[in-house]
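Asker: With chain Z fixed as given, assemble chains P and E onto it according to the hints.
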Amino acid sequence: MHWTARDVRSLGVGLAYLAPSLVLFAAFVFIPLGQTVYLSLFNTRATGAITTFAGVDHYVELLTSDIFHTGLVATALFAIYTVPVGIALGLVLAVLLNQRLRGINVFRTMMSSTIAISAAVGALIWLLLFNPSLGLLDYMLSLIGIQGPAWLIQPTTAIIAVSITTIWLTLGTNIIVLLSGLQGVPEEIYEAARLDGARGLRMFTRITVPMVSPSLFFLFVVDTVAVLQAFTQIHVLTRGGPVDATRVLVYSIYQDAFQNFQFGFASAQAVILFVLVMGLTLIQFRFVERLVHYQ
Amino acid sequence: MRKFLGLTLALTVVAAACGGLGPGGSDSSALAPAKDVAPAATITWWHAMSGVNGDALNKIVAGFNSSQSKIKVEAIFQGNYDDLLAKLNTAIASNAAPALVQVYDIGQRYMYDTAQVVPMQAFIDRDKFNTSDFEPAVINYYKYQDKLQSMPFNASSAILYYNKDAFKDVGLDPNKPPVTFTEVADAAKKLTKKDASGVTTRFGFGPSIYGWLFEQLMATSAAPYADNGNGRDDRATKVLWNSAQGKAILDWWKAGVDGGYFYNPGIDNDGAANAFNAQKSAMYIESTARLRGHITTVAGKFEIGTGLYPRPDSKPKEGGNIIGGASLYIMKSRPQAEQQAAWEFVKYAMTPAVQAQWQSDTGYYPIVKTAYDQGPSKEWSTKYPQFLTAINEIRDSPQNRMTNGAVLGVMPQARQRTQKMIESVLLGQATTQAALDAAVADMNAQIDKYNKANP
Amino acid sequence: MSVRTMASYALLVVGSIIVAFPLLLALSYSLMTESEIATFPPPVFPARPNLDNYGTVFATIPIGRYLLNSFVVSLAVVVGQLLTASLAAYAFAFLVFRGRQLLFFLFLSTLMIPWEATIIPNYMTIRTIGWLDTYQGLAVPFMATAFGTFLLRQAFLQIPGELWDAARIDGASTFRFLISTVIPLSRPALGTVGIYGFLSTYNQYFWPLLITNQTLMRTTQVGIAQLRFEETLRWGLVMAGVVMVALPTLALLVLGQRQLIRGLTAGAVKG
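Chains as they are written, first to last, in our numbering: chain Z, 1 to 295; chain P, 1001 to 1455; chain E, 2001 to 2271.
Do not take every clue at face value.
Claimed, not checked - Over the 10 Å line for every Cβ pair with chain Z, so calculated as not near, a few chain E residues:
#1 Tyr-2009
#2 Pro-2046
#3 Tyr-2054
#4 Thr-2056
#5 Gly-2064
#6 Phe-2071
#7 Ala-2172
Said to hold, decoys possible - A short, non-exhaustive set of chain Z residues, derived as facing chain E with CB atoms under 7 Å:
#8 Thr-4
#9 Asp-7
#10 Leu-24
#11 Val-95
#12 Asn-98
#13 Thr-109
#14 Ser-113
#15 Ile-117
#16 Leu-273
#17 Met-278
Don't read these hints as lab results, they were simulated from the structure.
Fair warning: this is a prediction, and the values are worked out from it, not measured in the lab.
Each residue gets a CB set at the ideal place from its N, CA and C atoms; glycine is no exception.
Next up, chain Z with everything else stripped away, as it sits in the complex (with noise of 0.2 Å):
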């Protein structure tokens, strides 16, 4: 590859204004992951402290168990019942929001009210919604006849429960994100759909749908990595039960360096999952963007 002037000078003008950012991030993510890299070949004491090299052994011992297997299909599910999910409820609020009628700023701010809440005090409420004795979520079932779920005895119910809590979580953040979005369309390109006689779902699909695909792309995007090391909600509501039906790998990792002080075989777990959701980022990046529409 050849390098001319100009390459070089517009490269230095890019780095310049990339450089705040790739100073904080080097100095405080970059350089830590490398020193996880390093921790994942060795063996360590409960303290973090090294003690001998594992070189794989710890990538290895991963790779083959079940526990991981396990790890991989409940962070698997976890995304598929989530992020399409989320990102669809978010969409359809988003549009609904996106009227201009009285009042409509007291209904943004309440289904959008999610995002001022953290994970940690969102699950808190869950775990009370979902409590068989206390909880209202199975009452207010039972009066409409339905007996409800032990919702976190069951796997199957478990990990519903903490993609409907994830799913809580992060609506106000598609909401206002898709509702950015929605806001950023002109007006005319409605009008001129409607002139061509465009209605209803017509109207959703041909016109909003595409108008929107940068941020649903985005949300697609985030909300996959974000599932992805969704940490909080799951150590409230299930920590990872039961039976590893809940455990996905981030909460894993968690348990094994901060419960079990196992550093090196952590870092090993924190290194697999960052290439698989780098990978899945790759790809979404390689074929979904193709459908995403920019002005």
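Answerer: Relative to chain Z, chains P and E alone:
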């Protein structure tokens, strides 16, 4: 002159070496700073007590700070037990640990393996501090090879809570709670109520899937949890959950849940407590530390009774309860002056008056027995007579390897693993024997790994 | 009012109640006694609303100081993030240079690193430079944001290319174009990044717990943890804490909505 100095130095070194804790050495006082080291003016204490217990703790600190003018203790809340230990671990690695820390019961072996602790025994031996008045069950839990590594601070145990009104309701004697597995199961069957559509409105018994409760059940069954004397004679290499006693515990639990008279609140201890408060379960087992909260919450709704922790029908003589809670460690990485100051505070915290106040503010046991003679303690026992069950239970427990509790470096994992084991049995994913064997195999591999990493 | 409008309102009311239900419930529970919460069937409204739980919150933790700390730190992070992210997003959206794609992925990759992987080394860094128990220790590590950069890049890409061409012809410098055109046109997105940065900082728990040792430097989420008792969970008290901590952020959200509306008008003018 130089020669003389050299000789003195050599003598000092020899003296120190002899006084040190060699193999078989019984006096560990040399590990503590010399008696004449002046205590530091300020020390920091990390703790995990929030709410009412946090207030009670701050009261002790304020009392200490105003009782003398040399040392000021600064108490800092560092999240719950798990958070605190995670933070401590990070701090140890960058040399930022405080002089004094409160660590939960199951962190004992971990703390020992960090080699960052000045054993409490060193101070006790140095000052000939009298511990004969200490509650044996409590102090034995924190002894490793006859040396106290830390000072017990907040101690509790597990008891049976039951709803006396529900007992009367179904014709059971409200003053005679069930004790054995069969008695608990029989009472639970009677206490279970269904509505017209067949939905259970009240379960007889609702223990949470909590590893600590399984540890207690093993102890009342007189079954060791791990080898090498529960990890107390030597480092444990195996867990022994898949004994006949271990299987009996799971069979009993499973039969109750399958039979519809045991309620399964999952791993959520608060959920189990909520169910008991809301009369969705008529009995359950939990820490004595919850007693006061229950009494306040259910006041006016029903009367709470307390009974002995469940045990096998044979009521093995060697069986009994293990205490739980947390203890105080003095950290080696701090200057000797700080260690000295920390010890001064620990001694203050162990005085009968402070202990009695602590009991009455929190509901934890006093560590020193004479505390019961103090006013606040007497008032407490009058107000909450149910507490006597708890203290008698611990007093009556024989002191042996089983009732002193297991010491494992991987205790947090062991707890996670037993919970998963119980879940898989209750959900019908595995038979009791298969679940026990699988859990033991997993855990032994973990222990092996830990022992190799922490030689 | 047309049928259509009425249907819209009906949907909005139902949707809002469902979405906000957990929060409304938290408010309701914060006004109940522990004994009332523990009854079955579960009550929705307090029989005799009382503020005792709020009193206990004030008595248990210095909530005012915690709120102040959270605000200072969160605002600092917002300012930092808006600066670093708009510069970076601008480079990714408008400038052409070799390795741009690669650098963009480098940015995105920071989102994918589990926090557990970096938190311990970061603690050591902060300790080494003496930033334990300081606002800068709480804020600086979060002043760069891949999320914000990504979001702003998406917004910047929506700005019509003709504006860029016109600016080049007018001889405006690249930096001037950013200040005079790109930023004013992207106010909704900047608002979103700001709100998001504020909230995610405000809602942190583990990092503030790790690097602060003085009560005076603690933040709100640590305060909530202090209300969760190790032995008995008092729902009413926890919910009172939740309400107090969430109120400022909810208020911010109301203001944030207006910012989004103003941003829309600015966007409409450009068309």
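Asker: Compare the structure with each hint and give your call.
Answerer: Comparing the hints with the structure gives:
no.: 1; hint: Tyr-2009; in the structure: violated, 7 Å
no.: 2; hint: Pro-2046; in the structure: holds, 14 Å
no.: 3; hint: Tyr-2054; in the structure: holds, 16 Å
no.: 4; hint: Thr-2056; in the structure: holds, 17 Å
no.: 5; hint: Gly-2064; in the structure: holds, 19 Å
no.: 6; hint: Phe-2071; in the structure: holds, 14 Å
no.: 7; hint: Ala-2172; in the structure: holds, 15 Å
no.: 8; hint: Thr-4; in the structure: violated, 10 Å
no.: 9; hint: Asp-7; in the structure: holds, 6 Å
no.: 10; hint: Leu-24; in the structure: holds, 4 Å
no.: 11; hint: Val-95; in the structure: violated, 10 Å
no.: 12; hint: Asn-98; in the structure: violated, 10 Å
no.: 13; hint: Thr-109; in the structure: holds, 5 Å
no.: 14; hint: Ser-113; in the structure: holds, 5 Å
no.: 15; hint: Ile-117; in the structure: holds, 6 Å
no.: 16; hint: Leu-273; in the structure: holds, 5 Å
no.: 17; hint: Met-278; in the structure: holds, 5 Å
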